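Take the sequences, apply the hints, and build the full model.
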Amino acid sequence: FRRVLFRSAYFSDESGEYALHIKSQSGEGEAKKIPLAGKSAFYFDPKWSPDSKHIAFTDNQLNLFDVEIASAKLTKVDTDYAYELGRDFAWSGDSKWITFVRFLPNRFHAVFVYSLDSGKSTQVTDSLSDSRHPVFDRDGQYLYFTASTNSGPTISGLDMTSDEHEV
Numbered sequence: 002f003r004r005v006l007f008r009s010a011y012f013s014d015e016s017g018e019y020a021l022h023i024k025s026q027s028g029e030g031e032a033k034k035i036p037l038a039g040k041s042a043f044y045f046d047p048k049w050s051p052d053s054k055h056i057a058f059t060d061n062q063l064n065l066f067d068v069e070i071a072s073a074k075l076t077k078v079d080t081d082y083a084y085e086l087g088r089d090f091a092w093s094g095d096s097k098w099i100t101f102v103r104f105l106p107n108r109f110h111a112v113f114v115y116s117l118d119s120g121k122s123t124q125v126t127d128s129l130s131d132s133r134h135p136v137f138d139r140d141g142q143y144l145y146f147t148a149s150t151n152s153g154p155t156i157s158g159l160d161m162t163s164d165e166h167e168v
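Residue numbers (this note's numbering): 2 to 168.
Rather than coming from a laboratory, the hints here were simulated on the basis of the structure. Model, not experiment: these values are computed from the prediction. You may find that some hints are simply not true.
Claimed, not checked - Simulated restraints, written as ranges between beta carbons of each label pair:
1. Leu-129 - Ala-83: 10 to 20 Å
2. Glu-15 - His-134: 13 to 23 Å
3. Lys-34 - Thr-147: 32 to 42 Å
4. Ala-71 - Asp-127: 29 to 39 Å
5. Glu-69 - Glu-18: 16 to 26 Å
6. Asn-61 - His-134: 15 to 25 Å
7. Asp-127 - Phe-45: 25 to 35 Å
What the hints assert, rightly or not - Lysine-lysine pairs mimicking PhoX-like chemistry, simulated, CA-CA at most 20 Å apart:
8. Lys-24 - Lys-54
9. Lys-48 - Lys-34
10. Lys-74 - Lys-48
11. Lys-121 - Lys-97
12. Lys-77 - Lys-48
13. Lys-74 - Lys-24
14. Lys-97 - Lys-54
15. Lys-77 - Lys-34
Using N, Cα and C, we set each Cβ at its ideal position, and we do this for glycine too.
Here it is in structure tokens:
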């Protein structure tokens with residue numbers, strides 16, 4: 002028989018500054034509090050790594066972070082170029098990689114992977130398509146994502162998407 006402990010992660014500013022709180026889901030005991038970088042930021046979307054040793058999350062200043070739970074080491078993984086509600090990111094099954102999406106200067110999205118071992122990010126899709134929603138398969142062998150060459154920015158009023166019409 003193995004006892005499984007479930008923990009929850011949430012953000013709180015109870016002390017006046019935001020911190021990541023980690024606490025037993027039963028509500029028992031004190032929360033572990035990990036201070037966060039920005040005093041004027043709001044934090045959201047914490048996602049546990051599969052091995053439960055890290056949590057990745059975002060803020061309203063376009064940053065993606067990773068925190069190693071045992072040491073409380075906070076690492077900025079990426080900063081995006083343009084604001085978009087919610088940020089696509091996911092963990093690999095072995096907890097060694099985070100995949101995420103970033104806006105490119107041409108207003109398309111590209112998929113990146115970040116190695117926790119090296120601390121480096123690598124762009125894995127080109128800038129000629131709009132790529133989103135990356136996720137690793139369970140074994141970590143493959144990275145899946147959506148990509149469209151049939152979309153484009155509409156800032157100038159031109160809509161570069163096409164509509165299918167029956168003739």
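Worksheet item: Is Lys-48 within 20 Å of Lys-34, Cα to Cα?
Response: Holds - the C-alpha atoms of Lys-34 and Lys-48 are around 16 Å apart, at most 20 Å.
Discussion item. Just to be careful, I want the Cα atoms of Lys-24 and Lys-54 compared with a cutoff of 20 Å; is the pair within it?
Written reply: holds (14 Å)
Worksheet item: Do the alpha carbons of Lys-77 and Lys-34 lie within 20 Å of each other, as the hint requires?
Response: holds (18 Å)
Worksheet item: So does Asn-61 sit 15 to 25 Å from His-134, Cβ to Cβ?
Response: Holds, at about 21 Å.
Worksheet item: Does the Cβ pair Ala-71, Asp-127 satisfy 29 to 39 Å?
Response: Since the Cβ atoms of Ala-71 and Asp-127 sit about 38 Å apart, the hinted range of 29 to 39 Å holds.
Worksheet item: Is the hinted range of 13 to 23 Å satisfied by the C-beta distance from Glu-15 to His-134?
Response: Because 34 Å falls outside the window, the suggested range is violated.
Worksheet item: Does the structure keep Lys-74 and Lys-48 at a Cα separation of 20 Å or less?
Response: Roughly 16 Å separates the two Cα atoms, so the pair holds.
Worksheet item: At the C-beta level, are Lys-34 and Thr-147 separated by a distance inside 32 to 42 Å?
Response: Holds - the Cβ-Cβ distance for Lys-34 and Thr-147, about 37 Å, lies within 32 to 42 Å.
Discussion item. What's the verdict on Lys-121 and Lys-97, does the C-alpha distance respect the 20 Å limit or exceed it?
Written reply: Holds. Lys-121 to Lys-97 sits at ~12 Å (cutoff 20 Å).
Worksheet item: Is the distance from the Cβ of Leu-129 to the Cβ of Ala-83 consistent with 10 to 20 Å?
Response: holds (18 Å)
Worksheet item: Is the hinted range of 25 to 35 Å satisfied by the C-beta distance from Asp-127 to Phe-45?
Response: For Asp-127 and Phe-45 the Cβ distance comes to about 30 Å; the hint holds.
Worksheet item: CA of Lys-74 to CA of Lys-24, is that 20 Å or under?
Response: holds (18 Å)
Checked against the numbered hints given earlier, the structure breaks only hint 2 and satisfies all the rest.
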